[in-house]
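Just so you know, the protein sequences line up as chains W and C, in that order. Anchor point for the first sequence: position 18 equals 18 in my numbering, and the numbering is continuous, going up by one each time. Anchor point for the second sequence: position 316 equals 316 in my numbering, and the numbering is continuous, going up by one each time.
Because the hints were derived from the structure by calculation, they are not lab data. Note that the Cβ used here is the ideal one computed from N, Cα and C, for glycine as well. Mixed in with the good hints there might be a few duds.
Derived EDC-like pairs (lysine to aspartate or glutamate); straight-line CA-CA distance at most 20 Å [to be verified]:
| hint | chain 1 | residue 1 | chain 2 | residue 2 |
| --- | --- | --- | --- | --- |
| 1 | C | 243 | C | 284 |
| 2 | W | 33 | C | 98 |
| 3 | C | 141 | C | 83 |
| 4 | W | 10 | C | 75 |
| 5 | W | 216 | C | 168 |
| 6 | C | 306 | C | 168 |
| 7 | C | 61 | C | 164 |
| 8 | W | 10 | C | 412 |
| 9 | W | 104 | C | 97 |
| 10 | W | 10 | C | 416 |
| 11 | W | 216 | C | 165 |
| 12 | W | 216 | C | 74 |
| 13 | W | 216 | C | 164 |
| 14 | W | 153 | C | 75 |
| 15 | C | 141 | C | 43 |
| 16 | C | 8 | W | 158 |
| 17 | W | 216 | C | 284 |
| 18 | W | 157 | C | 98 |
| 19 | W | 153 | C | 98 |
| 20 | C | 201 | C | 85 |
| 21 | W | 103 | C | 97 |
Footprint (simulated), chain C over chain W, 3 or more residues, beta carbon under 8 Å [as the list claims (entries may be wrong)]:
| hint | stretch |
| --- | --- |
| 22 | 17-25 |
| 23 | 28-39 |
| 24 | 171-183 |
| 25 | 209-220 |
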Amino acid sequence: MQHCEHCHVKIIETRDRCPLCGNALEKEEVPLKTTFPVIPPYIKSQSKIKVLLFVSVVLVILSFTLYAFYPTELNWPLLVLFGLTSLWLDLAFLVRKRFRIPKKIVWQVFILSLLALFWDWNIGWRGWSITYVIPFLQILALILMYAIALIMKLQSKDFITYAFMSALFGFTPLLFLIFDWVSVHYPSILSITTSSIILSAILILQWDSIRSEFMKRLHM
Amino acid sequence: MKDIPKIKWTKLDNASKIFPSTMTTRDTKVFRFSCYLKEAVDEKALEKAIPPTLESFPIYKSVLRRGVFWYYLEESTLVPSVEVENKTICAPLYLKEERGLLFRVFYFNNRLSVEIFHALSDGAGAIWFFETLLYHYFTIKYHDVLPASLLKLPPKAAISQKMDDSFEKTYFRNKVIKEEKAPKIQGPAYRLKGTKVEEHKTKLLEGTLSTKEVLSLAHTYNTTLTVFLTALYFYAIYKEMPKKMHRYPIILQVPINLRPYFGSSTARNFYATMNITLDPTLKDWSLEEIILHVEAQFKEEMHVDKVKSHLDHLMSLEKNPFTRILPLPLKDITLKIANALKDRHITSSISNVGRIQMTPEFHPFIEKFSVFVSARRPQIVVCSYEDQLVISFISPFHDTELQRVFFQFFTERGLEVSISSNL
Numbered sequence: 001m002q003h004c005e006h007c008h009v010k011i012i013e014t015r016d017r018c019p020l021c022g023n024a025l026e027k028e029e030v031p032l033k034t035t036f037p038v039i040p041p042y043i044k045s046q047s048k049i050k051v052l053l054f055v056s057v058v059l060v061i062l063s064f065t066l067y068a069f070y071p072t073e074l075n076w077p078l079l080v081l082f083g084l085t086s087l088w089l090d091l092a093f094l095v096r097k098r099f100r101i102p103k104k105i106v107w108q109v110f111i112l113s114l115l116a117l118f119w120d121w122n123i124g125w126r127g128w129s130i131t132y133v134i135p136f137l138q139i140l141a142l143i144l145m146y147a148i149a150l151i152m153k154l155q156s157k158d159f160i161t162y163a164f165m166s167a168l169f170g171f172t173p174l175l176f177l178i179f180d181w182v183s184v185h186y187p188s189i190l191s192i193t194t195s196s197i198i199l200s201a202i203l204i205l206q207w208d209s210i211r212s213e214f215m216k217r218l219h220m
Numbered sequence: 001m002k003d004i005p006k007i008k009w010t011k012l013d014n015a016s017k018i019f020p021s022t023m024t025t026r027d028t029k030v031f032r033f034s035c036y037l038k039e040a041v042d043e044k045a046l047e048k049a050i051p052p053t054l055e056s057f058p059i060y061k062s063v064l065r066r067g068v069f070w071y072y073l074e075e076s077t078l079v080p081s082v083e084v085e086n087k088t089i090c091a092p093l094y095l096k097e098e099r100g101l102l103f104r105v106f107y108f109n110n111r112l113s114v115e116i117f118h119a120l121s122d123g124a125g126a127i128w129f130f131e132t133l134l135y136h137y138f139t140i141k142y143h144d145v146l147p148a149s150l151l152k153l154p155p156k157a158a159i160s161q162k163m164d165d166s167f168e169k170t171y172f173r174n175k176v177i178k179e180e181k182a183p184k185i186q187g188p189a190y191r192l193k194g195t196k197v198e199e200h201k202t203k204l205l206e207g208t209l210s211t212k213e214v215l216s217l218a219h220t221y222n223t224t225l226t227v228f229l230t231a232l233y234f235y236a237i238y239k240e241m242p243k244k245m246h247r248y249p250i251i252l253q254v255p256i257n258l259r260p261y262f263g264s265s266t267a268r269n270f271y272a273t274m275n276i277t278l279d280p281t282l283k284d285w286s287l288e289e290i291i292l293h294v295e296a297q298f299k300e301e302m303h304v305d306k307v308k309s310h311l312d313h314l315m316s317l318e319k320n321p322f323t324r325i326l327p328l329p330l331k332d333i334t335l336k337i338a339n340a341l342k343d344r345h346i347t348s349s350i351s352n353v354g355r356i357q358m359t360p361e362f363h364p365f366i367e368k369f370s371v372f373v374s375a376r377r378p379q380i381v382v383c384s385y386e387d388q389l390v391i392s393f394i395s396p397f398h399d400t401e402l403q404r405v406f407f408q409f410f411t412e413r414g415l416e417v418s419i420s421s422n423l
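Bound-form chain W, shown alone:
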């Protein structure tokens, strides 16, 4: 065993310097002894994402530059900016919640609905977001969630709360109908129908599950 002449301590593993005082230790002939594994430095895996982010920013800058040289009636660089921002926003949530698909679906519906509203408003309100996008997104989410739960054999605790939330969200088109915001009615009606079916399935067939999930998540 190596010995530090300054601290008068023995060193258990083979080292060049004393871990206490930093003085050089005499080399030993005996085989090297290690007590802890060497952990390679943690490499930031975000570099590719950073490059992509940089490319997006450059794209936005270039489109504004182009627009400055050749102005058009439509402010299209602004659309590029909003488009890429939407993409990044959505991506950020996808990556963050990547471990729980049902939760991800709820978030996606929420984000995509907001983005649709924003875009509809931004390019002259024509109402397509509330007429088609939001109702169909809700329907799609509910079907997708049920399909994924079946395919991935999820336990009810892992998706029931999210299914419940989606089903509740699925009733938002009811507002569109009541306040007569939409002229085409069938997407909203379909959304409400699907949500009602799923909601009654949860409340009737999975009552115990949803109850215990709520007890668990809401305990104070």
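Add chain C to chain W, keeping to what the hints say.
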């Protein structure tokens, strides 16, 4: 949708509630128990030792989840795997978006280790878990050498006792004795500074001494091991402290195991902490004086009534209606801030896990034990096994002045110290 067996879940106990909110990438709230064996660790035997251990400690099968108001533990069907040590010490165990077990089992050459997230258990509870794991490991690996009488482990407590939330059980809401005064607010404590280790790594510097020698050294000062080591740590900090910082008191946080006070045998958290103070402005302290000063504070702080009122204070914070109704994300922030404020009043901490006892038949297989935790500031964890006293200094800093002063005290008195470090 088909029927699925009911999923068991458990509330976090009072002490656990703070860990998920206050953990950081540097201070992961993970602690490690290691046992250095005489031979290299047998991966197969270790793998086989885990399932029977989990049978006796069902809480370890849990994953941590976020509710609307609190975190909670949910039983999982995950099977822990045994790995060769390949992570930095006390690497994070709870990641918000991953639902993983809250402990890991791994080995490196002749060292068998477990790392545990503090929300599951405290040191005293984890020792029990670790001893059981080792028991199964030894009886599987050496079943032909060990006497048959040893091959059956009589349970020390009912599963329900081990799963017990002892905080909840010992708390009587009506009996809250109005504390004489709220814990006295002191000014900020002296805080240790240094160059941080890169990549949030923790530096471990471990000294192994002879238990007998240190104990007899403590006895020459007429005191116990814990008081002696605490006083010596004070002394080292005091000696290393720049003179201009003397206006700040040195405050060491020392955990108290609450099990003996309330006859609990829970394998979960059941501890409180006491703050031991030394005011450098009072006089030019000698080690003897510090020992007397520390001893008096230990006696006062560990008195049953004091411990009880402290416990009631902890519980009343949790039971406060305002705390309860705060949604989890806000609780996270509040607890983080409260913790940071509390941190300003602590210089360091020292924790003596105590004597680890193993059945004599296992002694030929074991060299020593070592225990340490993740650290946001330099701190000490001590444990002993037979004649091997292991003092683990963990620190987020590269600097080793404090450690040198501390260990030099022993070498100057002719005691042998063996040093080991991870960086």
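Quiz item: Taking 20 Å as the top limit, are the C-alpha atoms of residue 306/C and residue 168/C close enough?
Solution: 18 Å, holds
Practice problem: Please work out if residue 61/C and residue 164/C have their alpha carbons no farther apart than 20 Å. | Solution: Holds, at about 15 Å.
Practice problem: Would you mind confirming whether the straight-line C-alpha gap from residue 141/C to residue 83/C stays at or under 20 Å? | Solution: 18 Å, holds
Quiz item: For the pair supplied as a hint, residue 104/W and residue 97/C, is the alpha-carbon distance within the 20 Å limit?
Solution: 11 Å, holds
Self-check item: Pair hint residue 243/C and residue 284/C, alpha-carbon separation not exceeding 20 Å
Solution: 11 Å, holds
Practice problem: Below or equal to 20 Å on CA atoms is what counts here, so check residue 153/W against residue 75/C. | Solution: 18 Å, holds
Quiz item: If you draw a straight line from the CA of residue 216/W to the CA of residue 165/C, is it 20 Å or shorter?
Solution: Within the cut-off at roughly 17 Å; holds.
Quiz item: Quick check: the stretch 171-183 of chain W, covered by chain C? Criterion 3+ residues, Cβ under 8 Å.
Solution: That given contact is violated, which follows from only 0 residues of the stretch 171-183 of chain W lying within Cβ reach (below 8 Å) of chain C.
Practice problem: Starting from residue 10/W, check that the Cα of residue 75/C is at most 20 Å away, please. | Solution: 46 Å, violated
Exercise. Sort out whether residue 85/C lies within 20 Å of residue 201/C, counting only the CA atoms.
Key: With a Cα-Cα distance of about 15 Å, the restraint between residue 201/C and residue 85/C holds, given a limit of 20 Å.
Practice problem: Verify the proposed pairing of residue 141/C with residue 43/C, using a straight-line Cα cut of 20 Å. | Solution: 10 Å, holds
Exercise. Take a quick look at whether residue 216/W and residue 284/C sit within 20 Å of each other, Cα to Cα.
Key: Given that 20 Å is the threshold and the Cα spacing comes to 56 Å, the pair is violated.
Going down the numbered hints, you'll see the structure goes against 2, 4, 17 and 24, while the others check out.
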